[in-house]
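Protein chains: 2
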Amino acid sequence: MSPFTRQRSRSVAALGESQLITEIARWLGSASPKPPRGIGDDCAVLSGTPRDQLITVDPVIYGEHFDDRIPARGAGAKLFNRNLSDIAAMGGRPRAAVIALALSQEVKIEWLRDFYRSIANLARRYSVPLIGGDVAHHATGFIATMTMLGESTQKRILCRRGAKPGDWIFVTGRLGGSRLEWHWKFTPRLAEGQWLASRAEVHAMMDISDGLAKDLRALQPKGTRIALSQRAIPISRSARQHSKTSGQPALLHALTDGEDYELVFAVSGRTQPDAFVREWHRHCKGLLTCIGQFSKSRAVSPFPDELDLSGFHGFEHLR
Amino acid sequence: MSPFTRQRSRSVAALGESQLITEIARWLGSASPKPPRGIGDDCAVLSGTPRDQLITVDPVIYGEHFDDRIPARGAGAKLFNRNLSDIAAMGGRPRAAVIALALSQEVKIEWLRDFYRSIANLARRYSVPLIGGDVAHHATGFIATMTMLGESTQKRILCRRGAKPGDWIFVTGRLGGSRLEWHWKFTPRLAEGQWLASRAEVHAMMDISDGLAKDLRALQPKGTRIALSQRAIPISRSARQHSKTSGQPALLHALTDGEDYELVFAVSGRTQPDAFVREWHRHCKGLLTCIGQFSKSRAVSPFPDELDLSGFHGFEHLR
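Taken in sequence, the protein lines are chains P and V. Heads up: the first sequence is residues 7 to 325, going by the numbering used here. Heads up: the second sequence is residues 7 to 325, going by the numbering used here.
None of these hints come from the bench; they were simulated from the model. The reader is advised that the hints may include incorrect statements.
Here are a few chain V residues that sit away from chain P, every Cβ distance over 12 Å (derived from the structure) [what the hints assert, rightly or not]: (1) GLU23; (2) THR151; (3) GLN226; (4) ARG246; (5) SER274.
Subject to a maximum C-alpha distance of 20 Å in a straight line, what follows is the list of computed EDC-like cross-link-like pairs (lysine to aspartate or glutamate) [claimed, not checked]: (6) LYS114(P) <-> GLU157(P); (7) LYS114(V) <-> GLU29(P); (8) LYS114(P) <-> GLU23(V); (9) LYS114(V) <-> GLU23(P); (10) LYS170(P) <-> ASP221(P); (11) LYS191(V) <-> GLU29(V); (12) LYS40(P) <-> GLU23(P); (13) LYS191(V) <-> ASP74(V); (14) LYS191(V) <-> GLU207(V); (15) LYS114(P) <-> ASP311(V); (16) LYS170(V) <-> GLU112(V).
Given the structure is predicted, the values throughout are model-derived calculations rather than measurements. All residues carry an ideal CB built from backbone N, CA and C; glycine is no exception.
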């Protein structure tokens with residue numbers, strides 16, 4: 007039986023990515039535990055003693071995640087760093103990785119060498135041994151899928167769930183315009199994620215891969231509204247640059263481009279945002295911004311310039 | 007820079023799979039430890055307390071590992087069982103799995119449902135929770151890559167290395183003709199692998215994926231010859247059936263078809279093969295055959311019908 011159909015209503019295009027993941031969890035039923043022990047967080051979590059284990063898997067696919075404009079070492083770095091960013095997003099420490107390669111006979115040896123060498127450089131820098139993998143034939147393309155294992159550095163891991171009404175929303179770095187270069191040149195916020203996991207006032211965290219507007223919904227507690235201050239959103243230079251050619255506002259790029267690989271997290275409403283930022287700068291480099299609050303649904307807006315997120319949509323993979 | 011070339015001498019086709027894996031290990035350098043802590047065994051091994059961890063990764067690719075003749079549940083079962091067979095091949099116990107999906111918009115929802123449901127059935131049967139994964143867009147095809155985690159059940163794991171000159175060569179089940187049905191209908195030898203890992207006289211083990219003639223070379227100790235008794239090779243009914251249409255001897259199919267997913271292992275030369283088979287039948291079901299010996303290179307043949315393996319080649323993925 008063919009897996010494919012041109013009838014849109016019967017195809018996964020009719021579902022889109024989010025709904026597809028929900029369906030997959032339904033099809034798996036009791037074979038898949040609930041998050042963070044099951045599908046739906048940045049990493050899967052395998053309970054362990056003395057530490058929980060983290061498992062994440064992400065590919066780079068030729069024509070999807072990179073193309074001829076990017077050097078082989080860029081594609082390799084992206085593969086490694088995408089996975090490392092998921093470990094960072096749970097406040098973990100990486101331990102080891104494996105790579106499954108599916109490639110056509112026409113892949114250049116030289117290209118593949120540079121791809122692996124750049125992975126090796128990062129693996130040494132972060133002490134992540136590459137302990138295995140698989141090589142398979144693929145008729146027309148190139149897909150490399152990395153699985154990275156990690157562990158919690160603290161007694162706890164930071165999941166997507168856990169934010170409470172009234173929590174402040176913080177984001178690292180600047181957002182938008184990643185497709186210019188950032189999507190393969192970014193640095194995962196590993197040390198930052200580990201420090202954040204050590205702070206009890208941080209309730210929930212994730213990395214931004216599909217755009218803030220979409221990803222923030224995964225952190226949002228029930229009975230709340232995502233109240234963002236428009237002027238607080240840290241917009242990257244690339245977003246402004248991209249805006250000139252796209253004709254779209256730089257803010258739209260910051261909220262929806264995706265592949266920012268910055269951390270977004272919820273901090274207790276009882277914490278003073280300014281004090282938290284000062285504490286951050288004692289331990290971490292780089293920008294940290296309080297961009298809003300998970301307000302009670304009908305509460306008066308905490309910001310005079312509150313942004314209505316409902317008009318912004320992040321990256322949808324299958325539509 | 008494009009990863010692809012039509013010049014064969016610059017492409018991975020010029021290397022072939024075995025040489026490519028050697029090159030990958032070279033490119034990775036010190037980022038990749040030596041096997042079984044690195045690339046080159048059925049599973050990667052991550053040292054741990056109290057148990058070593060096993061990690062294996064294998065895909066099913068539409069057009070490579072399955073096609074329209076196979077039901078969706080068959081493709082799902084193959085994905086799960088390929089990975090489980092690698093855990094079995096090291097005498098381990100599976101613990102959890104994640105799946106990375108790369109698929110076109112044209113994949114049928116119904117097909118994908120059956121694919122996942124069959125994985126869920128096996129996951130429940132073997133108590134392997136599916137704890138996470140990833141979904142990515144792929145322009146034209148379908149690739150599902152599973153990473154399975156396991157652990158050793160014994161104080162030791164059984165690696166490919168460890169066979170000694172004089173060791174007997176044993177194989178479970180019957181070989182050949184897997185492409186008729188076996189390649190998606192096989193049952194991994196999980197309990198058998200665990201029992202074998204508990205026996206000190208078993209020195210090394212692997213599962214047969216590329217054909218006995220090719221895979222046995224990975225077990226072969228230095229300074230030895232693979233001396234097989236031709237009449238001892240257990241030939242499957244499918245190999246005999248396939249032989250009728252292929253015009254090739256059934257023995258050739260048994261030695262080179264691959265995807266047998268049977269266990270091949272080395273047993274101390276001081277053990278009596280018949281006694282070992284009797285012991286096997288007290289603990290395991292199914293056929294076990296002593297097919298030969300790792301003889302010293304120039305020793306007199308232990309078998310009057312010794313098979314010359316040099317004319318047989320297993321499955322090469324990239325040529």
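Against the structure, the hints come out as follows:
no.	hint	verdict
1	GLU23	6 Å, violated
2	THR151	5 Å, violated
3	GLN226	21 Å, holds
4	ARG246	28 Å, holds
5	SER274	28 Å, holds
6	LYS114(P) <-> GLU157(P)	35 Å, violated
7	LYS114(V) <-> GLU29(P)	13 Å, holds
8	LYS114(P) <-> GLU23(V)	14 Å, holds
9	LYS114(V) <-> GLU23(P)	14 Å, holds
10	LYS170(P) <-> ASP221(P)	17 Å, holds
11	LYS191(V) <-> GLU29(V)	34 Å, violated
12	LYS40(P) <-> GLU23(P)	19 Å, holds
13	LYS191(V) <-> ASP74(V)	16 Å, holds
14	LYS191(V) <-> GLU207(V)	31 Å, violated
15	LYS114(P) <-> ASP311(V)	45 Å, violated
16	LYS170(V) <-> GLU112(V)	52 Å, violated
Checked against the numbered hints listed earlier, the structure breaks hints 1, 2, 6, 11, 14, 15 and 16; every other hint is satisfied.
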